[in-house]
Amino acid sequence: MAVAVERPANDELRNLSLSGHVGFDSLPDQLVNKSTSQGFCFNILCVGETGIGKSTLMDTLFNTKFESDPATHNEPGVRLKARSYELQESNVRLKLTIVDTVGFGDQINKDDSYKPIVEYIDTQFEAYLQEELKIKRSLFNYHDTRIHACLYFIAPTGHSLKSLDLVTMKKLDSKVNIIPIIAKADTIAKNELHKFKSKIMSELVSNGVQIYQFPTDEETVAEINATMSVHLPFAVVGSTEEVKIGNKMSKARQYPWGVVQVENENHCDFVKLREMLIRVNMEDLREQTHTRHYELYRRCKLEEMGFKDTDPDSKPFSLQETYEAKRNEFLGELQKKEEEMRQMFVMRVKEKEAELKEAEKDLHEKFDHLKRTHQEEKKKVDDKKKELEEELSNFQKKKAAAQLLQSQAQQAGSQQTKKDKDKKNASFT
Amino acid sequence: MFKGSADNKIEAAMSELVPEPRQKPAVPMKPVGINSNLLGYIGIDTIIEQMRKKTMKTGFDFNIMVVGQSGLGKSTLVNTLFKSQVSRKSSGWNREEKIPKTVEIKAIGHVIEEGGVKMKLTVIDTPGFGDQINNENCWEPIEKYINEQYEKFLKEEVNIARKKRIPDTRVHCCLYFISPTGHSLRPLDLEFMKHLSKVVNIIPVIAKADTMTLEEKTEFKQRVRKELEVNGIEFYPQKEFDEDLEDKTENDKIRQESMPFAVVGSDKEYQVNGKRILGRKTPWGVIEVENLNHCEFALLRDFVIRTHLQDLKEVTHNIHYETYRAKRLNDNGGLPPVTAETEENHESNL
Chain Z
1 MAVAVERPAN
11 DELRNLSLSG
21 HVGFDSLPDQ
31 LVNKSTSQGF
41 CFNILCVGET
51 GIGKSTLMDT
61 LFNTKFESDP
71 ATHNEPGVRL
81 KARSYELQES
91 NVRLKLTIVD
101 TVGFGDQINK
111 DDSYKPIVEY
121 IDTQFEAYLQ
131 EELKIKRSLF
141 NYHDTRIHAC
151 LYFIAPTGHS
161 LKSLDLVTMK
171 KLDSKVNIIP
181 IIAKADTIAK
191 NELHKFKSKI
201 MSELVSNGVQ
211 IYQFPTDEET
221 VAEINATMSV
231 HLPFAVVGST
241 EEVKIGNKMS
251 KARQYPWGVV
261 QVENENHCDF
271 VKLREMLIRV
281 NMEDLREQTH
291 TRHYELYRRC
301 KLEEMGFKDT
311 DPDSKPFSLQ
321 ETYEAKRNEF
331 LGELQKKEEE
341 MRQMFVMRVK
351 EKEAELKEAE
361 KDLHEKFDHL
371 KRTHQEEKKK
381 VDDKKKELEE
391 ELSNFQKKKA
401 AAQLLQSQAQ
411 QAGSQQTKKD
421 KDKKNASFT
Chain F
1 MFKGSADNKI
11 EAAMSELVPE
21 PRQKPAVPMK
31 PVGINSNLLG
41 YIGIDTIIEQ
51 MRKKTMKTGF
61 DFNIMVVGQS
71 GLGKSTLVNT
81 LFKSQVSRKS
91 SGWNREEKIP
101 KTVEIKAIGH
111 VIEEGGVKMK
121 LTVIDTPGFG
131 DQINNENCWE
141 PIEKYINEQY
151 EKFLKEEVNI
161 ARKKRIPDTR
171 VHCCLYFISP
181 TGHSLRPLDL
191 EFMKHLSKVV
201 NIIPVIAKAD
211 TMTLEEKTEF
221 KQRVRKELEV
231 NGIEFYPQKE
241 FDEDLEDKTE
251 NDKIRQESMP
261 FAVVGSDKEY
271 QVNGKRILGR
281 KTPWGVIEVE
291 NLNHCEFALL
301 RDFVIRTHLQ
311 DLKEVTHNIH
321 YETYRAKRLN
331 DNGGLPPVTA
341 ETEENHESNL
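In order, the protein sequences belong to chains Z and F. Be aware that the first sequence starts at 1, since it is given in the UniProt record's numbering, and climbs by one per residue. Be aware that the second sequence starts at 1, since it is given in the UniProt record's numbering, and climbs by one per residue.
If we strip away everything but chain Z, and leave its shape as in the complex, we get:
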């Protein structure tokens, strides 16, 4: 049956005006309600040296005491520790996962420090990719473990970035949204801080490190994002202890010479960080992770495996066809290997057979040889025997002859004697 499909191109879409209230302006609400009932996932990776204040900052950001024991400095290598928490505020449930780099920066040889981090991030992408490629999949209630934001803790040296920092950030910038922050910012004086920040930013730029850009394309957030970007990297101070300031209890660090208030924008950039990370750009961070970093990973991974996008009008299902081809190739290889193995086996058997035959032949030869020798010996012995017999018979003959002679002689002698006697007798007569 012929089916005529009329579909005008996109630019021919007419804008229609509505003559009354239809009601689809509730669509965003419908969408949001669905998401709210499912809950949201947010995963933060904290990269920084041991003791730089990662756990404290997380506690401060989320206003809770996440359980954790401080790590020692004796870790043999860098490992990642992930812990998940459920937080709820009004009707929003957040599944928060905080991933810590334990032992980062402690080893003497830090060449491979970045590797476990990159591996972890890739593993999460891989898990998502696997789920996406399954035949029977359930993406809509998949627990997303991909890292949405990476807070990179820079040590407050006041000079510049450490080379470990540069190397690590360069390795991570295409895989995750990096937000650099200066930790323990209360150890730097105000004037030094400004210099330090510019130094860091220029170093990042000159080394081509791509940190997360706060989005400026949407009017409502463009302004605030633009103003905040100027203050990067945020110099933060974390504290879960409360100190009485004026008539309020607020989070602060108490020193003999004064009190550093965490939420005071003059003292540190904590409020800016919280604003950017949570209150303004959380959704954008999630979106960037999915549409940029994950897509990049997926593309690289699939290309690595040999898949290519075919032209749009050729084969309909490029991935599957390529897969089929690969599969056949693989099966072909398998078969070839099998054939090779079989041939080798046959050859070996033949060789063994030949060897055995040789051995058999040898044995036969030996046997023949032995037989011959034996025969020869036997013949010799027979010959000797014959000789001996001949001799014996000769001897016997001689003996017989001799005896005969003897007897003859005797007879003759006796006859003679008889004759003689007779003769004698006769003679006498």
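A couple of the hints might just be wrong.
[To be verified] From chain F, some residues computed to sit far from chain Z (all C-beta separations above 12 Å):
#1 Lys253
#2 Tyr270
#3 Leu329
[Claimed, not checked] Among the chain Z residues that face chain F by a calculated CB cut under 7 Å, a handful are:
#4 Leu18
#5 Val92
#6 Leu166
[Said to hold, decoys possible] Simulated crosslink set (DSS-like; lysine-lysine; CA at most 25 Å straight-line):
#7 Z:Lys170 - Z:Lys110
#8 Z:Lys134 - F:Lys327
#9 Z:Lys134 - F:Lys163
#10 Z:Lys301 - F:Lys164
#11 Z:Lys34 - F:Lys118
#12 Z:Lys136 - F:Lys239
#13 F:Lys152 - Z:Lys301
#14 F:Lys54 - Z:Lys272
#15 F:Lys248 - Z:Lys34
#16 Z:Lys136 - F:Lys118
#17 Z:Lys134 - F:Lys164
#18 F:Lys152 - Z:Lys136
#19 F:Lys327 - Z:Lys136
#20 F:Lys198 - Z:Lys136
#21 F:Lys253 - Z:Lys34
#22 F:Lys226 - Z:Lys34
#23 Z:Lys272 - F:Lys53
#24 Z:Lys134 - F:Lys198
It should be emphasised that the hints constitute simulated quantities derived from the structure, not laboratory data. Values in this document were obtained by computation on a predicted structure and should not be read as measured data. From the three backbone atoms N, C-alpha and C, an ideal C-beta is built for every residue, glycine too.
With chain Z held as given, fit chain F onto it using these hints.
Chain F only, in chain Z's frame:
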């Protein structure tokens, strides 16, 4: 609250993710609702607003298909639903216009905006459905079209370099127009719905409901519901996709009492009691389209647009599309399911 399976997934994910050189006990997750520990406002709930802003910026797609014999008022109803001329009415059969020999599929797209929300609405018309003398298999072109849209989406999804936003042309909702005979469903109706309820969300509506009295209407609806049940036709909202008790009770009420909606459509306005309302003028009175006493148009509109629009799209994406995808991948011996035997062939297991 999070269902048990989600918890297990997190725990399992946690223990897998940590390559621990020493055996360390897994740190347990905090129990749900530890609000006492939240000593101050964090701002997590702003994510709702962030999400809303993002979705409003990207806009929405909605594709609605109307199926039914000609003259049942499909175009008028769609125009009434979206309060604009989204569908061109076929103004009767002129002798010059031929009745289409086969079922045609006509998709027309418009962009409409309301309250800052931009929607790309596509109405897919199916002229010729059920109009032939021999209507055997006339649902096939429709099924083919629906599957073609799934195929298009699948192709895009499977690309290596994917578009940021895959254009969604899949049919989210199919309004099936039942002729108001007052007796029962026609064999064609049953056949169509049987075949298509498995691939698309079908919402049956009783067209031109102003030809039935209230009693006739209730009886007819009951009979139709019974017939659909007997024939195993699951129309939207399908029972099996109710997510929680709340959904179930709400949807049960709709399924068992309101559906199929008996509607009347009109794009002409009349003055009634000093107000301008949409209606149909007859010698015996004006039928007000949006008056719940007269017909159930308002219920249909609220159901489709104001409460279940997003859900229609989600069921299409999460269930119908996934079913199509799974079947397609299995049929062509494509990507094998992740089973024990394929794990040996590490090369072929993506």
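Going through the numbered hints above, which ones does this structure break? Give me the numbers in ascending order. Failing hints, ascending: 3, 6, 16, 22.
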